[in-house]
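J.: Read off the chains here:
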Amino acid sequence: MFLINCPYCGERDQSEFSAGGEAHIIRPKQPTEMSDDQWAEYLFMRKNIKGIQFERWNHSHGCRKWFNMVRDTSNDKIHAVYKMGEKPPV
Amino acid sequence: MSKNLRIPNNKFIDQTSRISFKFDNKTFYGFKGDTLASALLANNIHLVGRSFKYHRPRGIMACGSEEPNAIVQVGNDASMTEPNTRATEIELYEGLEVTSQNCWPSVNFDLGAVNNFFSPIIPAAFYYKTFMWPSNFWKLYEYFIRKSAGLGKSPTEPDKDIYDHRYLHCDVLVIGGGISGIIAAKIAAKNNLNTVLIDDKNTLGGTTIFQENECFKINNSYSNKWLKKEIETLKSLKNLTIKTRTSLAAYHSYNYLLARENLTDHLDINEKKDKIRQRLWKIRAKKVIIATGAMERPLIFNNNDRPGIMLASSIKKYIDYYGVKCGQKVSLFTNNDSAYETAISLNNSGVIVNSVVDIRDKTNSLIVKQAEKLGIKIHWKSTVVNTNGYKKINSIEIMKLSDDGSNVLGKKIKEECDCIGISGGWTPRVHLFTQSGGKLKFRDEDNVFLPDKTGLDQISIGSCNGDFELDQVIKNSVKLTNKFLKVNNNDFENLEIITSKEIDKKNIWLLPSDKPLGKTKPFLDFQNDSTANDIKLALREGFKSIEHVKRYTTTGMATDQGKLSNMHALGIIAETAGVKMGELGTTTFRPPYTPLTFGAIVGRNVGEFFDIIRRTPIHDWHVENKAEFENVGQWKRAWYYPKDNENMHEAVQRESKAARDSAGILDASTLGKIDIQGSDASEFLNRVYTNAWSKLEIGKCRYGLMLNEDGMVYDDGVTTRLSENHYLMTTTTGGAANVLSKLEDYLQTEWPELDVYLTSVTDHYGTVSVCGPNSKKILSKVIPDLDLSDKEFPHMSFKNALIDNIKCRVMRISFTGEHSYEINIQSSYARSVWEKCYDAGKEFNITPYGTETMHLLRAEKGFIIAGQDTDGTMTPVDLQMDWVISKKKYDFIGKRSLYRSDTIRDDRKQLVGLLTDDPKEVLEEGAQIVAEKNKQPIEMLGHVTSSYFSPNLNKSIALAIVKNGKKMKGQKLFVPMQNKTINVTITDTVFLDKENKRLNA
Amino acid sequence: MKNKYSIFSLIKNAFSYHENWQRAWRDPEPKKEYDAVIIGGGGHGLATAFYLAKKHNMTNIAVVEKGWIGGGNTGRNTTIIRSNYLWDASAGLYDHALKIWESLSQELNYNVMFSQRGVMNLAHNLQDVRDLKRRTHANRLNGIDAVWLNTEEVKKFCPIINTSPNIRYPVLGGTLQRRAGTARHDAVAWGYARGADAMGVDIIQNCEVKGIKRSGNCVEGIETTKGFIKTKKIGVVAAGHSSVIANMVDLKLPLESKPLQALVSEPVKPIIDTVVMSNAVHAYVSQSDKGELVIGAGTDAYISYTQRGSHDVVEGTLKAILELYPIFSRMKMLRQWGGIVDICPDASPIISKTHIKGLYFNCGWGTGGFKATPGSGDLFAHTIANDEPHKLNADFNINRFVSGDLVDEHGAAAVAH
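Chains as they are written, first to last, in this note's numbering: chain A, 1 to 90; chain Y, 1 to 1001; chain U, 1 to 417.
Just to be clear, a hint being listed does not mean it is correct.
27 Å max Cα-Cα, derived DSSO-like pairs, lysine-lysine [as the list claims (entries may be wrong)]:
#, chain 1, residue 1, chain 2, residue 2
1, U, Lys230, U, Lys31
2, U, Lys12, Y, Lys544
3, A, Lys87, U, Lys252
4, A, Lys77, U, Lys66
5, U, Lys226, A, Lys50
6, Y, Lys475, Y, Lys453
7, Y, Lys580, Y, Lys439
8, U, Lys357, Y, Lys139
9, A, Lys29, Y, Lys742
10, Y, Lys139, U, Lys290
11, Y, Lys994, Y, Lys966
12, Y, Lys544, U, Lys2
13, U, Lys290, Y, Lys909
14, Y, Lys329, Y, Lys373
15, A, Lys50, U, Lys357
16, Y, Lys147, U, Lys269
17, U, Lys252, Y, Lys742
18, U, Lys4, Y, Lys139
19, U, Lys252, A, Lys77
20, Y, Lys888, A, Lys29
21, Y, Lys286, Y, Lys235
22, Y, Lys955, Y, Lys994
23, Y, Lys286, Y, Lys243
24, Y, Lys742, A, Lys47
These are computed hints drawn from the structure, not numbers from a lab.
Starting from the given sequences, assemble the full structure and let the hints guide the process.
T.: Next up, the structure:
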């Protein structure tokens, strides 16, 4: 059970959050220009990384804000959280 | 049986208050403070159960949670009985009734023991190799296997007890109230840290609290006396909470821990009622100190499983703590010094100690010398090669060990005894450390796995960290705790500690016998009956990994989860395979540490608290008017309102007809309502719905269809433009929460530039829907000031209004195809508005209708229900709703997906209407549709999604999805049922009032 | 030739104290080159190797396994086997597997304890009823034995279910597939391993794949912790770690690896004689031959390779169990554990070629792969041997995520255990 540091509310129990998958997959601005392959890549294909992953979380039972997290999926260690729109930490 | 096995000892149990209990229907007596195990032993009962596979007699072996044998069924009430409970952990109470398990007819005479006779042909994993012939007989074999497997019996009636959950946050959690835990808790609490100390026993002090031996002294008093004083001072510390009878069950990541507190299990049977039985603490600790101590290991030798063979340290606890002699003539068998403590305790209490059999060469530690001084005989460099006695041990056979320990030599000595204490050294309890994700290291010197690396803010101290000698335990616990908490406590400086130091160590994982290994039974896992031979068999057959051996032999998989057997299994594997134990690794220790009651895990979330119930503000009216209810998500919705003795069909026919003929009234409060405001609200709707919104006039309503990004229909509903930058969106009842979070997701992450705010207002408004040809007349009675003319208030528009001076919003929208209105009003007024409409409608026979009639009415008009007529695989085009897709918009959620090679096909499954040849025949929803009769297997073209008997059309109608259905209008198809085939014809989806005349009537 | 297992061999070996049993499989060092290498020694991988050898005469092949065979989801699942799937493609795939299950013990000469005690799926709301009836009709027309039971029939088939109309989500009926049931998971891996080994397949444990070597668009071999192994065909059956292998060749898959948890109770005498699943309140339970209640929990929503999930999921599952079986409140959880499941967006697997020549993937089984083990192995072997899918797995290609022709099993079975 993670202890998640919501960038808006501070440390809260994992139960208050929902996970939203890989982050920084930007919705294409011109989907009609894309091939079926490219669209499928956006829609379904995922890195599914074992290791450091940038991902989205929502404080769904709290402030309802979406934010990003850097987490190591091989040991669940959370390295950083940052607000939507902010640059990911290096 | 009436031997007096008690010695006077009132330190921990109250020998003046006698308690009666029943074991296998016979009444016995014990004292307050006893465990069931100590009370049974005091009554000279060792045999309490039968083993899992061979049904061998098994006795009490230990004194705590590691007990593999003495597990019993508590109680015999169908709802309150509890299987597989360890006698060593049951505190004796008045009225306790227990029975032995896995034996029939009785523990003394168990027919299952015939398995023991067959044991030569049923080694580990034999079942994988047989029961394969004849091929269909496994079912029969399995029936008998299942019957003989299992241990206790499940209750057969619902539990009457209450369980509870609580959260606990602390600076420091100390697990284990032995000497190390007490030191750590004191240091933490005295340094102003909010500290919690938990222990699974009913008193603190671990094993030190009954250690009264010359060889272990602190500041010149016995170590138990010193510790007792320390415990006294703990009680005065402000920042410290002590929880006894609380067992740490699971240690998860981020220092999240679960601990089970027993609240009533120790109480007399008539004191238990109406109290919380167990409480599960959900603990989030900033720092965790693990001080869980160590467990004594058994020794693995031939026939080491007979009743009367016990762990030496447990025998010591029974005599020193409970005042119970486990036997009258006791032998000890050891590879280390600690059995000598037991010998001395027994000797001092007047029990005959035959001898100590020690596999080591003569050693001269303080404690050994003390034993020798007391005249206790020691067989150096010897081993027990066999034991005798079926239901209770009566003698052991001793032989000298060869120099390398692999063989026995010389003459066999037989020693009569009625109990033997065995000690194979100590295993640190690292279970919680590994559960938390910590990695172990191996210490060769005394063959122990110790905590190594952890990613959490935690330490292990005391004997769970590999310190076994009193001075080391104290010094290192103090040092490590100070460092961990970054404090400098000096309460424990300058203590004068006397302790016996173990000088010589020797370990043989599998002790030799004078018989060949194949003819012996050296048990490892006492409950699951796996022996060293089984381990060797697994290795021989190529099972190399420890996990394979464990699974193949079932070693360590019993209810004790291998607490006593794991180390020996590893040792024997390492030895046989010729690898170092440190390299072999361990099996994974999984939560919980000891079995955890389902009830405690679930807490109060049972019965009426299983899931919340959402009720509309008009709910009570429906109840009063005898509605039947349907669960829709968490909502209770009125399903239909049976009159007199109507069944559902009759009620729905009546309701449907009334709504079309005159007037009907529906509670639509459960529909999701999202308030959308902001200067970009129109643009936002453009992006989330398939159709265009910018040009929607203020005061007008529009139907919208929402897709997933994969192009499939997700939700639908009517959205109203309340003002320039203000919309009210409605969603399906079940979809409301998901739609809101999906919209928030897009808004916050993809389109943060949009000035839009979303608020769920589902619960804030009640919605009363009045429909039918007379709805206008009824509404004009309820809101006389409102101009209801088609010109002023046309279909798909909205008006603000006042009812009794309360603001409300009235939408003229329709899900039934009838002229109808929806009044949205603050929830607290919804019932009064409902009643107003109902009263006003009485003269028109206004009829309340439920969800079933609503479904029927909309089906007559061919309106879809998202989730019923769609299943996540339907595009708007499939639904023949092309009209709702804006051709002008550049993009909306899901648009691109509509143009993929599969979604663009024109022969996809499409929504159509179906009419049965026999107008009375109502199709079953979910029935499949085919093109040919009486053929199987056959391609299924689609299925029936909605089906009703329409009283208004006086025939059966249905909606269905059918492959290429758009082009098949008029075509005959078949619906094959279990025992008949129904002929159907494809039609348009709209069955009634295709011209929408009624909407404007 | 391997010794045959039987009651007679047990008796015979008893005379020599079981000291003369043969190894179930060898422990070979990898050869320099194989005709094909299977990455992943779980049930599916071992079955693939077994059928490559048995049906396609490819015996110069190896299975490489990072840890120990059967140590992943094969050894961690709740062993439910059924084939009552909605879509034709799924029904074809899973019923193919079920038919192999029915004689697998004999085929392998290894008792996998396939126990056809039936699997029942419960309906708790009106849409459940529609969905399950739809599935039942589809099953019947596909020749799969599924029947609809009303509430009384559910109660009769499994008397300990709480079918009271007064519970929060009353049981409104259910479907039953009698041919469905459970099997002994470890035995499946071991039985396939023994069978494959006997035909010459090298099973190489503790051998982790570090890279895939390519030349142009063809595979050339794999880099492992035991050195380079040359091969022209690689079948990846790495379950939760599929993406890790795919990332080695920059191939993206539509997968997310998530924690799935399960638990067992302490063993008790027989109390439930079938498998009962409920999607709406999310609980499913059976009883093992040993007597433990085997209970499957749900997945967590985040990606994780730790084989650990959150406690909330376990609590939620047991909550549902006690709702349907209040008699189990005093039973105790003995052990809980987690696995890593690779989930496809449409809850259906991928058994497919890739755009790289000689590289095949069998993945995406999500929470329900165990039941398909024999069928999956058979069809994947066919695909690798012929470089063409069998007609039964043609629909389970990777390209469906581009075309949109998904096999969406969410619609009728929110979870696909």
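J.: Against this structure, judge whether each hint is valid.
T.: Taking the hints in turn, this is what the structure says about them:
1. With a C-alpha separation of about 9 Å, the suggested pair Lys230/U and Lys31/U falls inside the 27 Å cut-off, and the hint holds.
2. Proposed proximity of Lys12/U and Lys544/Y is supported: the alpha carbons are some 25 Å apart, at most 27 Å.
3. Of the supplied pair hints, the one linking Lys87/A and Lys252/U holds, its CA atoms being roughly 25 Å apart against a limit of 27 Å.
4. Straight-line distance between C-alpha atoms of Lys77/A and Lys66/U comes to about 23 Å, which keeps the hinted pair within the 27 Å bound.
5. Distance hint between Lys226/U and Lys50/A is fulfilled; the C-alpha atoms sit about 22 Å from each other, no more than 27 Å.
6. The hinted pair formed by Lys475/Y and Lys453/Y meets the criterion: a straight-line CA distance of about 22 Å does not exceed 27 Å.
7. Annotation: proposed proximity of Lys580/Y to Lys439/Y holds, straight-line Cα distance about 17 Å (limit 27 Å).
8. Of the supplied pair hints, the one linking Lys357/U and Lys139/Y is violated, its CA atoms being roughly 45 Å apart against a limit of 27 Å.
9. About 19 Å separates the Cα atoms of Lys29/A and Lys742/Y, which keeps this hinted pair within 27 Å; it holds.
10. A threshold of 27 Å between alpha carbons decides the hint, and for Lys139/Y with Lys290/U the separation of about 15 Å falls inside it, so the pair holds.
11. About 17 Å separates the Cα atoms of Lys994/Y and Lys966/Y, which keeps this hinted pair within 27 Å; it holds.
12. Simply put, Lys544/Y and Lys2/U have alpha-carbon atoms about 19 Å apart, close enough for the 27 Å limit, and the pair holds.
13. Proximity of Lys290/U to Lys909/Y is assessed by CA-CA distance (about 47 Å); at most 27 Å being required, the pair is judged violated.
14. Distance check on the hinted pair: Lys329/Y and Lys373/Y sit about 19 Å apart at the alpha-carbon level, within 27 Å; holds.
15. Proposed proximity of Lys50/A and Lys357/U is supported: the alpha carbons are some 25 Å apart, at most 27 Å.
16. Restraint check for Lys147/Y and Lys269/U: satisfied, since their Cα atoms lie roughly 6 Å apart, inside the 27 Å limit.
17. Distance hint between Lys252/U and Lys742/Y is fulfilled; the C-alpha atoms sit about 25 Å from each other, no more than 27 Å.
18. Restraint check for Lys4/U and Lys139/Y: the C-alpha separation of about 22 Å stays at or below 27 Å, so the hint holds.
19. For the suggested pair Lys252/U and Lys77/A, the alpha carbons sit about 24 Å apart, so the restraint of at most 27 Å is met.
20. A C-alpha spacing of about 16 Å is found between Lys888/Y and Lys29/A, which places the hinted pair at or below 27 Å, so the restraint holds.
21. A distance of roughly 22 Å separates the Cα atoms of Lys286/Y and Lys235/Y; the hinted pair therefore holds under the 27 Å criterion.
22. Of the supplied pair hints, the one linking Lys955/Y and Lys994/Y holds, its CA atoms being roughly 17 Å apart against a limit of 27 Å.
23. With a C-alpha separation of about 18 Å, the suggested pairing of Lys286/Y with Lys243/Y holds against the 27 Å cut-off.
24. At most 27 Å may separate the alpha-carbon atoms for a hinted pair to count; Lys742/Y and Lys47/A meet this at roughly 22 Å.
Consistency with the previously given hints fails for numbers 8, 13, ordered from lowest to highest.
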